[in-house]
Structures are given as structure tokens and as C-alpha cells.
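Student: Sequence:
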Amino acid sequence: MWLIASWFSYTPFVCSLDYYGLSMNAALLGGDLFLNFALISAIEIPAYSLAWLVNKVCTMDAKRDTILELHKARKSNWEILKALKNCNINKVFIWREVRQFKETGMTKVGRKWSLCISFLVGGGAVLPIGFISKDVRGVHLALNLVGKLGVTSAFGIVYLYTAELMPTPIRSATLGLCAMASRIGAIIAPFLIQMSRQWEPLPMVVFGGCSILSGILGLSLPETQGRPLPQTLHDAEHLQSVEPIRHEIAGETRPLLADQDD
Numbered sequence: 001m002w003l004i005a006s007w008f009s010y011t012p013f014v015c016s017l018d019y020y021g022l023s024m025n026a027a028l029l030g031g032d033l034f035l036n037f038a039l040i041s042a043i044e045i046p047a048y049s050l051a052w053l054v055n056k057v058c059t060m061d062a063k064r065d066t067i068l069e070l071h072k073a074r075k076s077n078w079e080i081l082k083a084l085k086n087c088n089i090n091k092v093f094i095w096r097e098v099r100q101f102k103e104t105g106m107t108k109v110g111r112k113w114s115l116c117i118s119f120l121v122g123g124g125a126v127l128p129i130g131f132i133s134k135d136v137r138g139v140h141l142a143l144n145l146v147g148k149l150g151v152t153s154a155f156g157i158v159y160l161y162t163a164e165l166m167p168t169p170i171r172s173a174t175l176g177l178c179a180m181a182s183r184i185g186a187i188i189a190p191f192l193i194q195m196s197r198q199w200e201p202l203p204m205v206v207f208g209g210c211s212i213l214s215g216i217l218g219l220s221l222p223e224t225q226g227r228p229l230p231q232t233l234h235d236a237e238h239l240q241s242v243e244p245i246r247h248e249i250a251g252e253t254r255p256l257l258a259d260q261d262d
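In our numbering, the protein residues as written are 1 to 262.
Keep in mind that the hints were calculated from the coordinates and are not lab data.
For each residue, glycine too, the CB sits at the ideal point set by N, CA and C.
Be a bit skeptical, because a hint or two may be false.
Here are the in silico distance ranges between beta carbons for each label pair [claimed, not checked]:
| no. | residue 1 | residue 2 | range |
| --- | --- | --- | --- |
| 1 | 188 | 231 | 34 to 42 angstroms |
| 2 | 30 | 9 | 34 to 42 angstroms |
| 3 | 237 | 37 | 40 to 48 angstroms |
| 4 | 233 | 138 | 48 to 56 angstroms |
| 5 | 170 | 213 | 32 to 40 angstroms |
| 6 | 37 | 173 | 30 to 38 angstroms |
| 7 | 42 | 173 | 16 to 24 angstroms |
| 8 | 31 | 3 | 42 to 50 angstroms |
| 9 | 137 | 232 | 52 to 60 angstroms |
| 10 | 170 | 134 | 44 to 52 angstroms |
| 11 | 134 | 169 | 50 to 58 angstroms |
| 12 | 175 | 209 | 21 to 29 angstroms |
| 13 | 197 | 237 | 41 to 49 angstroms |
Make a model of the complete structure from these sequences and hints.
Tutor: Here is the structure:
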């Protein structure tokens, strides 16, 4: 449990440190400052979209059994939509879910892997920036954008993953701890950027190194997708041994987010 708590104190700190540090670094990239800042800000749109796509939290989990039963009864897509018409859910979203159930049975990437990959990609892009000549402005900007893409995606996942890993009695307190660690990272970021006067690659080495370390350490944590929320410290410590909740669909299994009776 201490490993999980330590990691989720460190990870939001890194997210905020890299996020604000890379945003402020726009002034040091050379070229048009306003264009640089606009691009670094705009990259957040695909970053959050990517985090949502690979880690989509389905808001209709309570209706999945209904879809499953209607599918087994060989009902058409339109009949399923009609049966769910009273749900306060976007119909296009329902249609997409129904088609995914009936055609692909595709499993999403999961919290752990999407978060760790975001950190590793972002850190791997940022780390070499400090060692590349500033004359190659395009490379600097491209790596900065990839780094911002990775850390922003991680920012969009880390609080969800934290809430799913922590047991109910301390879940809110843990999220508060994450928020506090994040603010500390935001405070340090501008001072770290100024440290480039002492050694030019230092800020990027710290940003990239911290991000890569977060990604590597996160690989030791359990996956939470499809598993019931832990209710006690014992549940949280043994989450890895809990099998994902699955239903049989067209001969394949698919993890579902749902409550599981003890």
C-alpha cells in the first residue's frame, strides 16, 4: 500500500511539473513566441481526446446487461436503442457501444498501460531536447509538442487511476494529496526553467527523467479496469489478484465495469 501511496504522491507532482514547465518553455524555443505557445496549447486537444479514447469510462455500465440480453435474444440495433430510449445517454454513444459489443468485443487499453505509455513517450521526447542544438528549431518544437502530448494525456488519466486504486475510506483524502503534490510541481516548474542559466539541458533532463521514472515505476501497479473498487486497505493491496468482471459475448470475453458481490 505504501508503494501505491508514494507513487500517487509523486506522479501528480511530475504531471504538473512537466505540464507547466513545457508550457513555459515555449518562450525558449526560438522563432515566433505566439505561434509556439498556440501550438503547445492546441496539442492539449488531441492529448485529452487520446486519453479518453484509450481509457474511455463508459457511463452506461448499468445498461450493459440489458444490451447483452437483447443481443442474445437476437434483437436488432434499433430494437436495442428503443429499449434504452429512457436512458439519459447520448444515442450516438449507445449506437457505438452496441456495435462494439456485437462486432468487435474489443478490450480497451486499460488505466495502467495508457498512463505508463503516456509518461514514457512524453519523457522520451523531452529528455533529448536539452542536448539538441537550438538551430534546429523544428526538432525542438516537435519534441516539445510530443512531450506535452504525453504529459497532458497522463494528467487526464492519473486522477481516475488514483480513485480506482484507493480504498473508499481514504479515496477523497488521496485525491487531495494528489492535488497538493500537483500544486507543488506547478510552483517548482518556473524556477526549474530558470536553472537553464546554470546548465542549459538541466530543465529538460529533469522533466524527461522524472516522467520516464514515473512510467517505469507505474508498471509495478495493478490494473484497475474492469475490477470492482476496493472498499478496504486489504482489497487495495490484493487488487492485482482480483479477476476482471467479464461477460460472454459472441464467443469472446470482454471486461465490464460493474460492482461485484463479495
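Student: Which hints from the list above does the structure break, by number from lowest to highest?
Tutor: 5, 7
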